[in-house]
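If you're matching them up, the sequences are chains P, U, W and C in order. Sequential numbering of the first sequence, starting at 1, is according to the working numbering. Sequential numbering of the second sequence, starting at 223, is according to the working numbering. Sequential numbering of the third sequence, starting at 445, is according to the working numbering. Sequential numbering of the fourth sequence, starting at 667, is according to the working numbering.
Honestly, the hints are just simulated from the structure, not real lab data. No residue lacks a Cβ here, since even glycine has one placed at the ideal position from N, Cα and C. One or more of the hints may lead you astray.
[Stated by the list, open to error] For each label pair, taking beta carbons as the anchor points, the in silico distance ranges come out as:
#, chain 1, residue 1, chain 2, residue 2, range
1, C, Ser755, W, Ser636, 30 to 38 Å
2, C, Glu769, W, Gln618, 49 to 57 Å
3, C, Glu769, W, Gly539, 42 to 50 Å
4, W, Leu510, U, Asn367, 30 to 38 Å
5, C, Asp888, W, Glu518, 34 to 42 Å
Protein chains: 4
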Amino acid sequence: MSYQFEDLKKSCPTEWRDYIEHSFVQQLGDATLATEAFQHYLKQDYLFLIQFARAFALAAYKSPTLADLKQAKEGLEAIVDTELDLHISYCDEWGISEAELAELPEARATLAYTRYVLDTGNRGDLLDLHVALSPCMVGYGEIANWLNSRSTTIRGDRNPYDAWMAMYESDDFQEAMQAEVEWLNERLAEVSPARFEQLTRIFRDATRLEIDFWNMGLNLSD
Amino acid sequence: MSYQFEDLKKSCPTEWRDYIEHSFVQQLGDATLATEAFQHYLKQDYLFLIQFARAFALAAYKSPTLADLKQAKEGLEAIVDTELDLHISYCDEWGISEAELAELPEARATLAYTRYVLDTGNRGDLLDLHVALSPCMVGYGEIANWLNSRSTTIRGDRNPYDAWMAMYESDDFQEAMQAEVEWLNERLAEVSPARFEQLTRIFRDATRLEIDFWNMGLNLSD
Amino acid sequence: MSYQFEDLKKSCPTEWRDYIEHSFVQQLGDATLATEAFQHYLKQDYLFLIQFARAFALAAYKSPTLADLKQAKEGLEAIVDTELDLHISYCDEWGISEAELAELPEARATLAYTRYVLDTGNRGDLLDLHVALSPCMVGYGEIANWLNSRSTTIRGDRNPYDAWMAMYESDDFQEAMQAEVEWLNERLAEVSPARFEQLTRIFRDATRLEIDFWNMGLNLSD
Amino acid sequence: MSYQFEDLKKSCPTEWRDYIEHSFVQQLGDATLATEAFQHYLKQDYLFLIQFARAFALAAYKSPTLADLKQAKEGLEAIVDTELDLHISYCDEWGISEAELAELPEARATLAYTRYVLDTGNRGDLLDLHVALSPCMVGYGEIANWLNSRSTTIRGDRNPYDAWMAMYESDDFQEAMQAEVEWLNERLAEVSPARFEQLTRIFRDATRLEIDFWNMGLNLSD
Numbered sequence: 001m002s003y004q005f006e007d008l009k010k011s012c013p014t015e016w017r018d019y020i021e022h023s024f025v026q027q028l029g030d031a032t033l034a035t036e037a038f039q040h041y042l043k044q045d046y047l048f049l050i051q052f053a054r055a056f057a058l059a060a061y062k063s064p065t066l067a068d069l070k071q072a073k074e075g076l077e078a079i080v081d082t083e084l085d086l087h088i089s090y091c092d093e094w095g096i097s098e099a100e101l102a103e104l105p106e107a108r109a110t111l112a113y114t115r116y117v118l119d120t121g122n123r124g125d126l127l128d129l130h131v132a133l134s135p136c137m138v139g140y141g142e143i144a145n146w147l148n149s150r151s152t153t154i155r156g157d158r159n160p161y162d163a164w165m166a167m168y169e170s171d172d173f174q175e176a177m178q179a180e181v182e183w184l185n186e187r188l189a190e191v192s193p194a195r196f197e198q199l200t201r202i203f204r205d206a207t208r209l210e211i212d213f214w215n216m217g218l219n220l221s222d
Numbered sequence: 223m224s225y226q227f228e229d230l231k232k233s234c235p236t237e238w239r240d241y242i243e244h245s246f247v248q249q250l251g252d253a254t255l256a257t258e259a260f261q262h263y264l265k266q267d268y269l270f271l272i273q274f275a276r277a278f279a280l281a282a283y284k285s286p287t288l289a290d291l292k293q294a295k296e297g298l299e300a301i302v303d304t305e306l307d308l309h310i311s312y313c314d315e316w317g318i319s320e321a322e323l324a325e326l327p328e329a330r331a332t333l334a335y336t337r338y339v340l341d342t343g344n345r346g347d348l349l350d351l352h353v354a355l356s357p358c359m360v361g362y363g364e365i366a367n368w369l370n371s372r373s374t375t376i377r378g379d380r381n382p383y384d385a386w387m388a389m390y391e392s393d394d395f396q397e398a399m400q401a402e403v404e405w406l407n408e409r410l411a412e413v414s415p416a417r418f419e420q421l422t423r424i425f426r427d428a429t430r431l432e433i434d435f436w437n438m439g440l441n442l443s444d
Numbered sequence: 445m446s447y448q449f450e451d452l453k454k455s456c457p458t459e460w461r462d463y464i465e466h467s468f469v470q471q472l473g474d475a476t477l478a479t480e481a482f483q484h485y486l487k488q489d490y491l492f493l494i495q496f497a498r499a500f501a502l503a504a505y506k507s508p509t510l511a512d513l514k515q516a517k518e519g520l521e522a523i524v525d526t527e528l529d530l531h532i533s534y535c536d537e538w539g540i541s542e543a544e545l546a547e548l549p550e551a552r553a554t555l556a557y558t559r560y561v562l563d564t565g566n567r568g569d570l571l572d573l574h575v576a577l578s579p580c581m582v583g584y585g586e587i588a589n590w591l592n593s594r595s596t597t598i599r600g601d602r603n604p605y606d607a608w609m610a611m612y613e614s615d616d617f618q619e620a621m622q623a624e625v626e627w628l629n630e631r632l633a634e635v636s637p638a639r640f641e642q643l644t645r646i647f648r649d650a651t652r653l654e655i656d657f658w659n660m661g662l663n664l665s666d
Numbered sequence: 667m668s669y670q671f672e673d674l675k676k677s678c679p680t681e682w683r684d685y686i687e688h689s690f691v692q693q694l695g696d697a698t699l700a701t702e703a704f705q706h707y708l709k710q711d712y713l714f715l716i717q718f719a720r721a722f723a724l725a726a727y728k729s730p731t732l733a734d735l736k737q738a739k740e741g742l743e744a745i746v747d748t749e750l751d752l753h754i755s756y757c758d759e760w761g762i763s764e765a766e767l768a769e770l771p772e773a774r775a776t777l778a779y780t781r782y783v784l785d786t787g788n789r790g791d792l793l794d795l796h797v798a799l800s801p802c803m804v805g806y807g808e809i810a811n812w813l814n815s816r817s818t819t820i821r822g823d824r825n826p827y828d829a830w831m832a833m834y835e836s837d838d839f840q841e842a843m844q845a846e847v848e849w850l851n852e853r854l855a856e857v858s859p860a861r862f863e864q865l866t867r868i869f870r871d872a873t874r875l876e877i878d879f880w881n882m883g884l885n886l887s888d
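The following block holds chain P by itself, in its conformation from the complex (with noise of 0.2 Å):
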């Protein structure tokens, strides 16, 4: 037996359609969500990075080789140097403040999720770790396109979050997505059937809560 990426999808399909398709997902496309949801998002997804980058230095800490410490310092900068601040100026787009973003509490989901990766790559391995990384890493990718197969999508300026859309389909962003995968793939290759199982426990309860991020999104819940 040899596992790929796919199997950790297979074994929670229900659960991986509810995040790529969420309704959050679907009126983001339509152009029919709320300017508030929307905001409500980007400022936590601002906390969520902040968490996101300590999880790739933790998975610099925790890389058995220095290609591995390579890769992963590269995902620490990609977010400190770079995409900090592109949400800030994103943010400011859309009315967010710098300011505001300094001072925002993070939300119960964005604790949830971010949390829940750090403790599993603290608990376990790189791979754990990657695990718990990847509905984020290759979700919003697949969820780019799955909106562009969509015939309700509206793209361009008719729909005031295009520029949401065009970056997850960007090449850089598919080309990481694209990595990633095939970073989980050499992996899993090699995994036990037990170890696969338990890994499979991770990959559902890290797309479950990032169900609820877009949830959080929706609500505005805090």
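We have chain P already, so just place chains U, W and C on it with the hints.
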């Protein structure tokens, strides 16, 4: 300035009261709580305990002194040797079998609070970890005392939840609670205002996640 | 390919033999070991035990199953509740007071092996941690058996170190050793060649640091 | 009482001087150090750097603020993007190929100091980690300055180790050293006497393990 545990509570009085006097708690005291809600809570509390055992193990690992290590070991033992079995028996009285407990998935509110505690412990030092644990270790004792102070609380055979209250008002639990407060007071007395500010954020977030644990019970959320 | 603990030993036969049949061990068996060397070793072994308690606590934190958590807790208990006290009594027989033990600085060889184990555990998963612990947990039993197999080993009242050998040849210790080997064999049977290669590096480094622990005793190094 | 980094040095003046003015350092300044000793040191220093990268990654993970996270990320970047390559080039000048570096086993003194730093960081908080790193981050700058203050130190073409001294007396390194001292001073100013006592133990042990790193170079020990 010499801080005490009471100062942590005063830093987020609304959250603390929302937690101690939560509807779940009130209905439990009034004997009006739905059986299903209590059962759902009980099941998740079992999974919570297992993660709390991990938190005490982490405390033992992080201990700067042998005395701290021994104390953490006792907390770990209390859970693994006593509380888990008590919990299994108590669940059995409520129609929840040990086999069912062994197969349960963790609800998101359980993941959220427990992993927040564990990551906070790994990120910071032993004091950070204890502050994150304190809403549970001290709060449950306060809840029992608060319920006893209310005229509407029903005790004895007329309340199916009487045994629950009895457990947390017991001398054993109240003494453990007091010991925890004293441990915290000793350390808090020495911290700087900047450090105390950090700790208030941890205490408030942990309390918010405890509120969600009650919500999870009431709403039967998974 | 199905690996076993024996394969770890075969991956570094020279280091393993240098550890098991170290001059310190030989002199101890021959009753020629300098009292000061044994006392120095005993003192550091006490500090070593405290760090080993931390390693079992870390194992409990990292446990993927409740069964693993309980096993790690028992290891922690055995050290904190029994072995530390036995060690204190035994040290007392050799003229080393508990007060002296409490004030001892850790020798560099003690720092080296114990912190290597702890970082290896944090960096990897529970198997990495156990492999790093195994030269101690299995090796001491093998040392007792090897000493008993030599014609020059002196047992009984004519050897002041007889009680030391008796401890590690005891049924209790030999059974714990066997249980550890079985735990490792179960997991090693499932690992890939690349993973096994990683584990051999950990096993060899841990064995080298155990050799240094004997050197430290012989050389009275701090 | 307001502590400063200087107070850490004053807590173990003998160890600090033994480290800064070590025979390895003196011989290096006097141009009398054996080529093999320097080469052995250089090789291990490469492996040391990789573990130091892990320590900065751990610092990023543990950071309580975004500013701390960014600072730790810069330390990680400096090592991975610049220092490792500089080290590889410098090793090449001394006849040590990159292929040889990639295959090197870690010497025990390298394992000892680096894993002590990493476990200290995991056990405690960001300040514990920085204190454990400081003998390296500050000490190398002091060593360069001390060498320059000696009349017997030979600079320029007559000393094959001139480039080594030049690196640590450079403005870049001296500024990084100063920044580290300031970071520590800010935090140390706030700690209690009991906490400072803990930190002095970490500082002394880390300094002792640095002394062993020089010994390892001189003795060509593995």
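Hint by hint, here is what the structure shows:
1. C:Ser755 / W:Ser636: 30 to 38 Å: holds, 35 Å
2. C:Glu769 / W:Gln618: 49 to 57 Å: violated, 38 Å
3. C:Glu769 / W:Gly539: 42 to 50 Å: Holds, at about 47 Å.
4. W:Leu510 / U:Asn367: 30 to 38 Å: holds, 32 Å
5. C:Asp888 / W:Glu518: 34 to 42 Å: Cβ of C:Asp888 to Cβ of W:Glu518: about 37 Å, so the range 34 to 42 Å holds.
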